[in-house]
Amino acid sequence: MTRLLIRLYPRAWRRRYGSEVLVHYGCGRLGVRDTLDLLGGALDAHLHPQWARRGRTWPWTFFLAAAGTACLWLATAAFPVESVLERYGSEAELELLGLALSGGGLAIGLAGLATRSRILSTFGALMAMRLLIDAVALPALANRHVLPVTSGYPWLLASSLAIGWSALVAAATRRLWPIPVGLGLGLFLEVLLTSDISLAAWLGRNAGLNGPILLRWVAFSAWAAIVAALATPSRQRRPGSWPPDDPAAGARIPREPYDPDPEPLEAVGQVWRRP
Amino acid sequence: MSGLADLGRFEEPAVLVLTSLAERPRHGYAIVQDVQAVAGVKLGPGTLYATLARLEARGLIEGLPAEDRRRPYRITGAGLALLRQRLQRMEAVARTGLARVAGT
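Chains A and B are the protein sequences, given in the same order.
Residue 1139 is where the first sequence starts when you use this note's numbering, and the numbers rise one by one after that.
Residue 124 is where the second sequence starts when you use this note's numbering, and the numbers rise one by one after that.
Mixed in with the good hints, there may be bad ones.
What follows is a set of in silico ranges between Cβ atoms, one per label pair, in the way DEER data are often shown [stated by the list, open to error]: (1) Pro1148/A to Glu190/B: 32 to 42 Å; (2) Ala162/B to Ser1157/A: 24 to 34 Å; (3) Gln211/B to Arg1171/A: 27 to 37 Å; (4) Leu1146/A to Ala222/B: 12 to 22 Å; (5) Gly1164/A to Ala225/B: 20 to 30 Å.
Looking from chain A toward chain B, a few residues come up when the C-beta cut is under 7 Å (computed) [to be verified]: (6) Tyr1155; (7) Glu1158; (8) Val1159; (9) His1162; (10) Tyr1163; (11) Gly1169; (12) Asp1172; (13) Asp1175; (14) Leu1176; (15) Asp1182; (16) His1184.
Don't read these hints as lab results, they were simulated from the structure.
All residues carry an ideal CB built from backbone N, CA and C; glycine is no exception.
Could you build all of it, start to finish, from the sequences and the hints given here?
Put into structure tokens, the structure is as follows:
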């Protein structure tokens, strides 16, 4: 049980503390309270990692994210919108497009996992989830008249959900502010310019501009904004690396011998001093 | 105290862990036992190691070579100074509070 719970922790944490926890808590039966405490600790270790990144990996992240975005843009541009629209109608086209782009997000997330880039994997997951929300789930609901909305409102509702969710991510992690900022900006631009009550629709109706082409460029700009925000390197919490290196062989051991089975504290005034 | 205030819910466990390590280096389970004996608080494993990671990242404690897969931790000079400052403040609060309680 303890071994399973430890698997939930980040790799760096397991390397540092995993065997220790197993020695202390792996033999006996783990109580409910300790189990919940370990679960909470795993969540905390992911949300508030205490180690700084080793070096800056953002150029690698940036190029991968930019390449992913370019691929998505090409996929979007190549998507046979008119034929699908003729066959299935606009809602089906949106669902298919959303699924395709969500798949792209998952691919980017997997690339992030493969390269151990936390920000890239988070980006991929966010993109996949966001597109599933606002391009698949809500249009589907609207199309089946589950939601009493016109075609413009799902975008707004989805954007609100996604932005609220991103704000939760920001509040929980306190480190990933570029993600909600980028996500919020991208959604804002997209909603502003793509819904039926939007500027793009108004321009299409009143100024004779070609809506679909304009919208593709807007979507591309929105994703570019997200990538730019993601590529902004986060401030490192503190210098140095974590977990710290083990003391070298022959390192000084404290003058007072280490007692592996200590007795309860007898005198609070006794303070161990560094040699 | 600025050094521990940003630990949030781990602030109190951090004080307890530092107090335990102020006596001598201890491994995780020994810290749990000592804290329970001194303060009557049982630190869960998740809380304990989250606190140790935070203290270690801040340079307030440091790990020693592992013995039999158990790594002892010791308090650093910075940790000791921070703990002393913190305990003095707590002592002042406790003294004032006790005096006021006695006066009522």
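The hints, checked one at a time:
no., hint, verdict
1, Pro1148/A to Glu190/B: 32 to 42 Å, "25 Å, violated"
2, Ala162/B to Ser1157/A: 24 to 34 Å, "27 Å, holds"
3, Gln211/B to Arg1171/A: 27 to 37 Å, "33 Å, holds"
4, Leu1146/A to Ala222/B: 12 to 22 Å, "48 Å, violated"
5, Gly1164/A to Ala225/B: 20 to 30 Å, "49 Å, violated"
6, Tyr1155, "5 Å, holds"
7, Glu1158, "6 Å, holds"
8, Val1159, "6 Å, holds"
9, His1162, "4 Å, holds"
10, Tyr1163, "5 Å, holds"
11, Gly1169, "9 Å, violated"
12, Asp1172, "5 Å, holds"
13, Asp1175, "3 Å, holds"
14, Leu1176, "4 Å, holds"
15, Asp1182, "5 Å, holds"
16, His1184, "11 Å, violated"
The structure does not agree with the numbered hints 1, 4, 5, 11 and 16 stated previously, though it agrees with the rest.
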